[in-house]
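Chain A is fixed; fit chain B onto it per the hints.
Those sequence lines, one after another, are chains A and B. The numbers in this note's numbering rise by one with no breaks, and the one at position 20 of the first sequence is 20. Remember, this note's numbering sits 1000 above the position in the second sequence when you count from 1.
By construction, these hints were calculated from the structure, which means they are not laboratory data. Just so you know, even glycine gets a beta-carbon here, dropped at the ideal spot from N, CA and C.
Label-pair ranges, simulated between beta-carbon atoms:
#1 B:A1240 / A:V396: 54 to 60 Å
#2 A:H328 / B:T1110: 46 to 52 Å
#3 A:Q33 / B:D1234: 28 to 34 Å
#4 B:S1398 / A:H226: 37 to 43 Å
#5 A:P157 / B:P1274: 49 to 55 Å
#6 A:V396 / B:Y1200: 48 to 54 Å
#7 B:E1199 / A:E119: 31 to 37 Å
#8 B:K1327 / A:V396: 20 to 26 Å
#9 A:P156 / B:D1234: 40 to 46 Å
#10 A:E193 / B:E1355: 41 to 47 Å
#11 B:Q1033 / A:E193: 24 to 30 Å
#12 A:G41 / B:L1366: 28 to 34 Å
#13 B:A1091 / A:S22: 51 to 57 Å
What follows is the residue order along each chain.
2 protein chains.
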Amino acid sequence: MGEFLKVLSYAEAIQRLKEALSGAGQEECPIQQSRGRVVSGQLNSPEDMPAFNRSTVDGYALCAQDSFGASESLPAFFRLVGTVPMGAVPAFALNSGECAWIPTGGMLPTGSDAALMVEYTEKLGDDTVLAYRPVSPGENVMQTGEDISRGQSLFPPGHVLRPQDIGLLASLGITTVPVVKPYQVGIISSGDEVIPIEEYPQPGQVRDVNSYSLAAMVAGMGHNPHSYPLVGDDAEQLQAMVAKSLDSNQITLLSGGSSVGVADLTLDVLLSFPGSELLFHGLAVKPGKPTLAVKIGDRLVIGLPGHPVSALMMFMVIARPLLDSRKHYTLYACLTQNIASQPGRDDFVPVSLAEEAGQWSARPLLGKSGLMGILARADGYIHIRAVEQGLNNGAVCSVCLF
Amino acid sequence: MGEFLKVLSYAEAIQRLKEALSGAGQEECPIQQSRGRVVSGQLNSPEDMPAFNRSTVDGYALCAQDSFGASESLPAFFRLVGTVPMGAVPAFALNSGECAWIPTGGMLPTGSDAALMVEYTEKLGDDTVLAYRPVSPGENVMQTGEDISRGQSLFPPGHVLRPQDIGLLASLGITTVPVVKPYQVGIISSGDEVIPIEEYPQPGQVRDVNSYSLAAMVAGMGHNPHSYPLVGDDAEQLQAMVAKSLDSNQITLLSGGSSVGVADLTLDVLLSFPGSELLFHGLAVKPGKPTLAVKIGDRLVIGLPGHPVSALMMFMVIARPLLDSRKHYTLYACLTQNIASQPGRDDFVPVSLAEEAGQWSARPLLGKSGLMGILARADGYIHIRAVEQGLNNGAVCSVCLF
Chain A
1 MGEFLKVLSY AEAIQRLKEA LSGAGQEECP IQQSRGRVVS GQLNSPEDMP AFNRSTVDGY
61 ALCAQDSFGA SESLPAFFRL VGTVPMGAVP AFALNSGECA WIPTGGMLPT GSDAALMVEY
121 TEKLGDDTVL AYRPVSPGEN VMQTGEDISR GQSLFPPGHV LRPQDIGLLA SLGITTVPVV
181 KPYQVGIISS GDEVIPIEEY PQPGQVRDVN SYSLAAMVAG MGHNPHSYPL VGDDAEQLQA
241 MVAKSLDSNQ ITLLSGGSSV GVADLTLDVL LSFPGSELLF HGLAVKPGKP TLAVKIGDRL
301 VIGLPGHPVS ALMMFMVIAR PLLDSRKHYT LYACLTQNIA SQPGRDDFVP VSLAEEAGQW
361 SARPLLGKSG LMGILARADG YIHIRAVEQG LNNGAVCSVC LF
Chain B
1001 MGEFLKVLSY AEAIQRLKEA LSGAGQEECP IQQSRGRVVS GQLNSPEDMP AFNRSTVDGY
1061 ALCAQDSFGA SESLPAFFRL VGTVPMGAVP AFALNSGECA WIPTGGMLPT GSDAALMVEY
1121 TEKLGDDTVL AYRPVSPGEN VMQTGEDISR GQSLFPPGHV LRPQDIGLLA SLGITTVPVV
1181 KPYQVGIISS GDEVIPIEEY PQPGQVRDVN SYSLAAMVAG MGHNPHSYPL VGDDAEQLQA
1241 MVAKSLDSNQ ITLLSGGSSV GVADLTLDVL LSFPGSELLF HGLAVKPGKP TLAVKIGDRL
1301 VIGLPGHPVS ALMMFMVIAR PLLDSRKHYT LYACLTQNIA SQPGRDDFVP VSLAEEAGQW
1361 SARPLLGKSG LMGILARADG YIHIRAVEQG LNNGAVCSVC LF
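Chain A extracted, bound-state conformation (with noise of 0.2 Å):
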């Protein structure tokens, strides 16, 4: 066990996570509900779009080659030979020299390459269409499988499908869309000291943060959180509260108990279950020094720090890369201040946002770690990596947002 008691790096604790973690499995989703889904496979397009050549414009159908070197002086000579249906596949083809009247959204006959707007033909009699200037091959037309083609890629494995993602799927009939299901996560808040939200805190208490910021993390990238009771520092009650939670959840995030001594019975308890495995105790980070996770069975337990910015932090940090799949642009600010970091250890650092004149401006967000008031003023998080000692004053950083 003696390497685990070093502390680890949080990339390195992303990817001890990400090998424990079983997949949770697939299922299909009527497209109506698969907003904010991640889609489970590739997807591909099961038909071209659009399906035939089709005119964007009213106007004649005809070979583009015929109207070469047409001019308002010189027009060229069409024989008119039928109409477009709307909505049917035309019963003729077109021969050269000749024409036929389409309308927008027809499908061009057999023949046929372009088409000519009405604005610049003329028709002589019955049967004749003058067109006063030249179209070249493919003109005001939308051609068979130009938005989609058929086999091409939707979407890949991962994708978090939005409200545009979902009309494509609609516009290629696709009605049901296969999907990862979502995580259960059981929450355990524990410490002798945490107290129910209702209750009004003594001294020395504090009310139960952890069951309702954690749950609504899970909620928002897409999980079902599930809150069980609170615990005390006791290891019977956590043992029994774990074991419970083990039953229907693949991975429960226990909080509270990184005190020293507490931390220890933590570990005891998590470690007295059969088939389970250390993954890391301790992190190379601030905030979030004591989180630890061990797999049991297939069940992946995180032990997150007590403190609720700690925990939410710690949460963010390395939950995100495996629990949320939607995707978070990086956005580039000032920093307004100097940061100072201690090497050797990953800082997060909570800022808030400010706009000026085309350019983000971030403000960190520091004070005693006990302020729970920051992270609610705060827009996302910057990253002093473990190699830097810290950030100056102006220098560009990449804020992660919440």
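Chain B alone, transformed into the frame defined by chain A:
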């Protein structure tokens, strides 16, 4: 009606919609279900956090002034008069020259204003403590209300609750929160050419995309969409379906029917309702020129283009400021090519983003306006303002993320 036939700027359109839209009311929501909900009124803290001066270390509570000048060679002497109990108010006060043992989280007794870490002290017998370092007033103490003070603003109206915000509410014992009720939003797709997505389109037919993509977008903004059955280009059918939607929805989104003849039919139907008032008909934007809005009593009907890409883009452009309270962070990116734009018209161009060396670049996704695949490849869109003739390759543009 003359003035309404002139096309309107999109900003003016948003303004008219805002003025016409009635509030959705408010409701009380348990914090467990409040993620993503919009705070409906000013929310202030009911109490101080912490509720008392709290030690952040294990050590001795004392009056800082008594420690001034203390050093390794010349320690200050304190009389130890008690132990601060964890989870209770100390039953004693300190006089000058006195100290008391205090655990992390313990409440400072009256007469003390700082805590000295145990590491810098030595106990001499039962009732004397040597301090080898001075502390300044407030050192190692979190003051009453330092995190959040009673009456302090927690969240302004319109704030969308995130996990950390829910955590803050929990820590203050706030169990329910007043939030804005979601709007009920009816969605009607119309057009003779529109078929259910389960069917295979004949030439000239298209599957119903808008019922799905608009519903997903409405739901993503936190409102309740309800999609109605498809309607053909028939005044009576349309009138009946709109009447049905008006019955139970504050907002009705009508898509399709924007080609010249059909648009008149749509407008006639909407204006035939008693109490109807045309807000606008036609916007100086691309895509989405034929967008219209009618107020009917206290209900709002927005007519969107039938084309799925235009419908979605227009809904995003004019409905976000109205219906979406989430904070959308503008991302600055370098354009990868020139884009031309017609002055006098606001252009909204989908872009895909790439990140390299701390810099985002935005590639405009241009193409025939029919391309549904474009939006699925886009990360967001840029806005070319009506006063601009386009944007140059390399220009820094602000990207609205989807």
